[in-house]
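There are 2 protein chains.
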Amino acid sequence: MERNDAHALDDIIAALPADILVTDPVSMEAYRWDRANDPAAGMPLVVVRPTTTEQVQQVVKIAAKHRTPIVPRGAGTGLSGGSTAVERGIVVSLDRMNKIEVDPVTRTVTAGPGALNAEVKAAAAEHGLWYPPDPSSFEICSIGGNVATNAGGLCCVKYGVTTDYVLGVTVVLADGRAVTLGGPRIKDVAGLSLTKLFVGSEGALGLFTEVQLRLIPAQKQPTTLVATFPTLDAATEAVLGIIRQMRPSMLEFMDQPTINAVEDATKMGLDRDAAAMLIAQSDEPSGAALDEIWRIEEICNATGATECFATDDPADGEAFVVARRMAIPAIERLGAVLLEDVGVPLPRLGDLVLGIAEIAENNDVTIATMAHAGDGNTHPLIVLERSDPAQHERAHIAYGEVMDLAISLGGTITGEHGVGRLKRPWLADYLGAEVLELNHRIKKALDPDGILNPGSILVPDKPGR
Amino acid sequence: MERNDAHALDDIIAALPADILVTDPVSMEAYRWDRANDPAAGMPLVVVRPTTTEQVQQVVKIAAKHRTPIVPRGAGTGLSGGSTAVERGIVVSLDRMNKIEVDPVTRTVTAGPGALNAEVKAAAAEHGLWYPPDPSSFEICSIGGNVATNAGGLCCVKYGVTTDYVLGVTVVLADGRAVTLGGPRIKDVAGLSLTKLFVGSEGALGLFTEVQLRLIPAQKQPTTLVATFPTLDAATEAVLGIIRQMRPSMLEFMDQPTINAVEDATKMGLDRDAAAMLIAQSDEPSGAALDEIWRIEEICNATGATECFATDDPADGEAFVVARRMAIPAIERLGAVLLEDVGVPLPRLGDLVLGIAEIAENNDVTIATMAHAGDGNTHPLIVLERSDPAQHERAHIAYGEVMDLAISLGGTITGEHGVGRLKRPWLADYLGAEVLELNHRIKKALDPDGILNPGSILVPDKPGR
Numbered sequence: 001m002e003r004n005d006a007h008a009l010d011d012i013i014a015a016l017p018a019d020i021l022v023t024d025p026v027s028m029e030a031y032r033w034d035r036a037n038d039p040a041a042g043m044p045l046v047v048v049r050p051t052t053t054e055q056v057q058q059v060v061k062i063a064a065k066h067r068t069p070i071v072p073r074g075a076g077t078g079l080s081g082g083s084t085a086v087e088r089g090i091v092v093s094l095d096r097m098n099k100i101e102v103d104p105v106t107r108t109v110t111a112g113p114g115a116l117n118a119e120v121k122a123a124a125a126e127h128g129l130w131y132p133p134d135p136s137s138f139e140i141c142s143i144g145g146n147v148a149t150n151a152g153g154l155c156c157v158k159y160g161v162t163t164d165y166v167l168g169v170t171v172v173l174a175d176g177r178a179v180t181l182g183g184p185r186i187k188d189v190a191g192l193s194l195t196k197l198f199v200g201s202e203g204a205l206g207l208f209t210e211v212q213l214r215l216i217p218a219q220k221q222p223t224t225l226v227a228t229f230p231t232l233d234a235a236t237e238a239v240l241g242i243i244r245q246m247r248p249s250m251l252e253f254m255d256q257p258t259i260n261a262v263e264d265a266t267k268m269g270l271d272r273d274a275a276a277m278l279i280a281q282s283d284e285p286s287g288a289a290l291d292e293i294w295r296i297e298e299i300c301n302a303t304g305a306t307e308c309f310a311t312d313d314p315a316d317g318e319a320f321v322v323a324r325r326m327a328i329p330a331i332e333r334l335g336a337v338l339l340e341d342v343g344v345p346l347p348r349l350g351d352l353v354l355g356i357a358e359i360a361e362n363n364d365v366t367i368a369t370m371a372h373a374g375d376g377n378t379h380p381l382i383v384l385e386r387s388d389p390a391q392h393e394r395a396h397i398a399y400g401e402v403m404d405l406a407i408s409l410g411g412t413i414t415g416e417h418g419v420g421r422l423k424r425p426w427l428a429d430y431l432g433a434e435v436l437e438l439n440h441r442i443k444k445a446l447d448p449d450g451i452l453n454p455g456s457i458l459v460p461d462k463p464g465r
Numbered sequence: 001m002e003r004n005d006a007h008a009l010d011d012i013i014a015a016l017p018a019d020i021l022v023t024d025p026v027s028m029e030a031y032r033w034d035r036a037n038d039p040a041a042g043m044p045l046v047v048v049r050p051t052t053t054e055q056v057q058q059v060v061k062i063a064a065k066h067r068t069p070i071v072p073r074g075a076g077t078g079l080s081g082g083s084t085a086v087e088r089g090i091v092v093s094l095d096r097m098n099k100i101e102v103d104p105v106t107r108t109v110t111a112g113p114g115a116l117n118a119e120v121k122a123a124a125a126e127h128g129l130w131y132p133p134d135p136s137s138f139e140i141c142s143i144g145g146n147v148a149t150n151a152g153g154l155c156c157v158k159y160g161v162t163t164d165y166v167l168g169v170t171v172v173l174a175d176g177r178a179v180t181l182g183g184p185r186i187k188d189v190a191g192l193s194l195t196k197l198f199v200g201s202e203g204a205l206g207l208f209t210e211v212q213l214r215l216i217p218a219q220k221q222p223t224t225l226v227a228t229f230p231t232l233d234a235a236t237e238a239v240l241g242i243i244r245q246m247r248p249s250m251l252e253f254m255d256q257p258t259i260n261a262v263e264d265a266t267k268m269g270l271d272r273d274a275a276a277m278l279i280a281q282s283d284e285p286s287g288a289a290l291d292e293i294w295r296i297e298e299i300c301n302a303t304g305a306t307e308c309f310a311t312d313d314p315a316d317g318e319a320f321v322v323a324r325r326m327a328i329p330a331i332e333r334l335g336a337v338l339l340e341d342v343g344v345p346l347p348r349l350g351d352l353v354l355g356i357a358e359i360a361e362n363n364d365v366t367i368a369t370m371a372h373a374g375d376g377n378t379h380p381l382i383v384l385e386r387s388d389p390a391q392h393e394r395a396h397i398a399y400g401e402v403m404d405l406a407i408s409l410g411g412t413i414t415g416e417h418g419v420g421r422l423k424r425p426w427l428a429d430y431l432g433a434e435v436l437e438l439n440h441r442i443k444k445a446l447d448p449d450g451i452l453n454p455g456s457i458l459v460p461d462k463p464g465r
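Heads up: the protein sequence lines correspond to chains A and B, in order.
If you're matching positions, the first sequence starts at 1 in the working numbering and goes up one per residue.
If you're matching positions, the second sequence starts at 1 in the working numbering and goes up one per residue.
Bound-form chain A, shown alone (with noise of 0.2 Å):
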């Protein structure tokens, strides 16, 4: 059957509800990107915005049956492209599908994809628990949305990522079928690992129509240190000393550029001559963190860290997280930005960010790098000029330069935000051939047409792409 995207358009309009469809070519805009901003994003047939399995079903057995593409969508939060919407396909927003429900028994939550992360962790602090993972965009992105691209965040360093919260999802298959995999059981080995194969699949696999997530207990009041550092190669030993040791519950690194940035926004006293910034947490229970803040501060002061300070006063503490979580907006007052996810194996942390401080000078572009450290996982942040073009092309150069540095130091392309439709390009370079094409097979085997969300991750009439 060939592809039809007029009778695709004709059998939504008529099985499925008006009030839950979008079709006016304004309204529709709001959809066609994500905050990767791609300027290829293609205009949509139709924005459907359903609110039960049964509709999610219902679009996409349409959609297989013209061979219609289908791009599923959260909250639009995603920094790869991979909700940016492809010409007279369909889009399919999740927002609507928002309930929550907690089990404190269990320790579980069950939400649907279009629930806030925030919206979920205030659920589950309402029963003493926590949703532990926290991409700085928590309060605005869709949980749908981080289970779709494993979504990572600050307290990962400790508390782990997206897929280590999974226990089920139920998932609209690319022929319609409805399936449930996983459920509320902590252990769980009978079958394949499908639940966690889907876990990260960025919508080329299935539409997530509800998600359950394991809670743990409410993490405990932080004590937090921010240390400055004369040098990168300084703050990185840190950085090192300290993940040898323990586990803070949190360590985010910000370099010159990001505490100007930062510092512009908030006039929160910052040092500006500072090369590097870390901000350490620890939550260990009774005086034990204080005690591991301590270790910490002890190991940046030996690599010559400039200035430290240890608060265990939440608000204090929490003021420096704030400006951590804000680094991301204020860089974007200086200018549109393309925002990197370049991570390496944590020895490598050092040569990657003196690395892409040389890319900078050397293609004359500023990047602003802030990173989970404990982690090495960095945010280069690529600052394009308005209306300078001949800048926008060194941007361009220097953000494929910091790809093919992160996978010369044995890194990755992306450490959570996910390959969508920017990092494409690069991802046969990062996982070679062979894995390529068992991403394709996969593909191949759970979406033979290739309907679901063509171009992110894969193309999947192109194995080589």
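Be a bit skeptical, because a hint or two may be false.
A pair counts as met if it fits within one copy or between any two copies, since identical chains are not told apart.
[What the hints assert, rightly or not] DSSO-like, lysine-lysine: derived pairs with alpha carbons at most 27 Å apart:
(1) Lys-121 - Lys-99
(2) Lys-444 - Lys-462
(3) Lys-121 - Lys-444
(4) Lys-220 - Lys-121
Bear in mind the hints are in silico, worked out from the structure with no lab data behind them.
Predicted, not measured: the structure shown is a model, and the values here were computed from it.
With chain A held as given, fit chain B onto it using these hints.
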């Protein structure tokens, strides 16, 4: 191409060094079984004990050419028959590939699949680091087998299962190619989650020749509580109360038949009249462990514990943990056993434990139940009386009824041992036809000729099984 085992054997003998081949029937006997002692075990063509990834590739290429089945094995401690030899198949024993290399800076360990879990723990400990997953058999089970079954253990209630520690694997695929998935990067979302898919695949998707595991800083000395209860209900109520509020580093359960079998073997003075016993540990730092243990004691007392004994003496505490680890061998003294591994969502633990006692009574068999109670994962051991065929039949009926009961309670047929061959007949009932079919699709995509461990988890040519 037709299956041609004789040619496969000729090719293996021609291609591989004689000192890694076992072909005489007497020596091969030891490689036909795992601890499931499946009476249907076949006689292999040859047992290969490779020392390099390249040798594994050679064997698999020959097997692929002649369509001869391959059964991989580690230390042969599997409990579900995942390493049962198939008639005229090739057994690949990975026991010689047991190199271990710890990188304390990345806090990772690279291990051959044949390295024992205890050896990995010991190597990590030399650097002040810890590999948490701890199947009761940790002293004799292989790390490759742990990854292949996504093994659990006692500390998983706080520290998670094997998959939570697997960062990367080198795997030989069904066509003999070797690929490396993942690596020593804490966060990596580039491409589909293939590493996680291979964990727990029980040899049905590939043969691991190297694994990379995450380590964490050494565990703190635990504080221990032992509590006895007059009824099963009182014990399971205590479990729910504990898990709702905190994360003990161990929360184990033994019922009366288990207590008595352990007491027979150890004479350590356990209360033979108790209906159930809990062993809880806390490894929180500073005074927090004792605080946690006191809160656990309070809960146990509130649900009706007859006696509680708390100790922060490591040797005293370890004695109870050893007693728990001895439970399976202690029961095996009573006769051969059918070892169950069913798990339920925590609130159904009481129903499961009571239901198992009822199944034992109805079928006139002894079932001793121990459990990783905090996970809802139980191990009912059904005792087979020697030389009583009628009793054997009743025991096998009870074995099936326990799984049916677990499924009816929203539970799983296997929490940590794997499906293997023993539990395969129940997999369709548990997963349902649609999810089973997804398993087959993935199997077909990665092993189109079905040569990898056929009959473990799935029967390649029988989509309904």
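Verification of the hints:
no. : hint              : in the structure
1   : Lys-121 - Lys-99  : within (13 Å within a copy, 43 Å between copies)
2   : Lys-444 - Lys-462 : both (12 Å within a copy, 21 Å between copies)
3   : Lys-121 - Lys-444 : neither (36 Å within a copy, 39 Å between copies)
4   : Lys-220 - Lys-121 : within (15 Å within a copy, 29 Å between copies)
Violation of the numbered hints given earlier is confined to hint 3; every other hint is satisfied by the structure.
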